[in-house]
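Novice: full-length UniProt numbering puts the sequence shown at residues 1 to 130.
I should point out that these hints are in silico values taken from the structure, not numbers from a laboratory. Glycine is no exception: its CB is placed at the ideal position from the N, C-alpha and C atoms. Check before you lean on any hint, since a few could be wrong.
[Stated by the list, open to error] Derived lysine-lysine pairs resembling PhoX-like cross-links, with alpha carbons at most 20 Å apart:
| hint | residue 1 | residue 2 |
| --- | --- | --- |
| 1 | 52 | 95 |
| 2 | 95 | 122 |
| 3 | 37 | 52 |
[What the hints assert, rightly or not] Listed next, with one range per pair, are the computed distances between beta-carbon atoms:
| hint | residue 1 | residue 2 | range |
| --- | --- | --- | --- |
| 4 | 124 | 24 | 32 to 38 Å |
| 5 | 33 | 103 | 27 to 33 Å |
| 6 | 102 | 72 | 33 to 39 Å |
| 7 | 117 | 30 | 24 to 30 Å |
| 8 | 59 | 26 | 19 to 25 Å |
| 9 | 84 | 107 | 28 to 34 Å |
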Amino acid sequence: MMNYLYSSSIDSEEVEDPSLDEMSIDVSLGTVERLNKYVQSTLFLHRLYVVKDISESIRTVEYDTVVSDILPVLMQLAADAEPLIREPLMQELPKMAEHLMSSNGPDCYTHVRDTIFPILYKHLLDDVEK
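Use the sequences and the hints to build the structure in full.
Specialist: Next up, the structure:
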């Protein structure tokens, strides 16, 4: 039986169901630490949490932290093997772009152009090829 809590790349036949402790999110971690921890998780639900939390998270940290720490998490999510992670990420990208643009940080346009637009473009091409 397929265990939908794990990535499809994990052989769920060999993995025991996670406990509630393993599935829970440690909210005591700082924003960046929490995102970095759960974006690496083999649990699908953890990565989905990161997707849903990332556009809110960028509002709680400084612009430089968004650029240095959160945009790399965004890139990891965009490269996730699971379509169920990449699809909701596409809904968060406009919010992230809007926040970057409204922050008027140095090179904000460049970060949107060089990070967010390529992710959207690749996703659109993936949809066309299907």
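Novice: Each hint should be assessed against the structure and marked as holding or not.
Specialist: Going through the hints against the structure:
1. Between residue 52 and residue 95 the CA atoms are separated by roughly 11 Å; this keeps the pair inside 20 Å, and the hint holds.
2. Among the hinted pairs, residue 95 with residue 122 is consistent with the structure: their alpha-carbon atoms are about 18 Å apart, no more than 20 Å.
3. With a CA separation close to 15 Å, the supplied pair residue 37 and residue 52 stays within the 20 Å bound.
4. At about 35 Å, the CB distance of residue 124 to residue 24 agrees with the hint of 32 to 38 Å.
5. Taking 27 to 33 Å as the suggested C-beta distance range, the pair residue 33 and residue 103 does not conform, at roughly 22 Å.
6. In this structure, residue 102 and residue 72 break the distance hint of 33 to 39 Å, their C-beta atoms being roughly 21 Å apart.
7. For the pair residue 117 and residue 30, the supplied restraint of 24 to 30 Å holds, since their beta-carbon distance comes to about 29 Å.
8. Taking the beta carbon of each, residue 59 and residue 26 are about 20 Å apart, inside 19 to 25 Å as hinted.
9. For the pair residue 84 and residue 107, the beta carbons lie near 32 Å from each other, so the given range of 28 to 34 Å is met.
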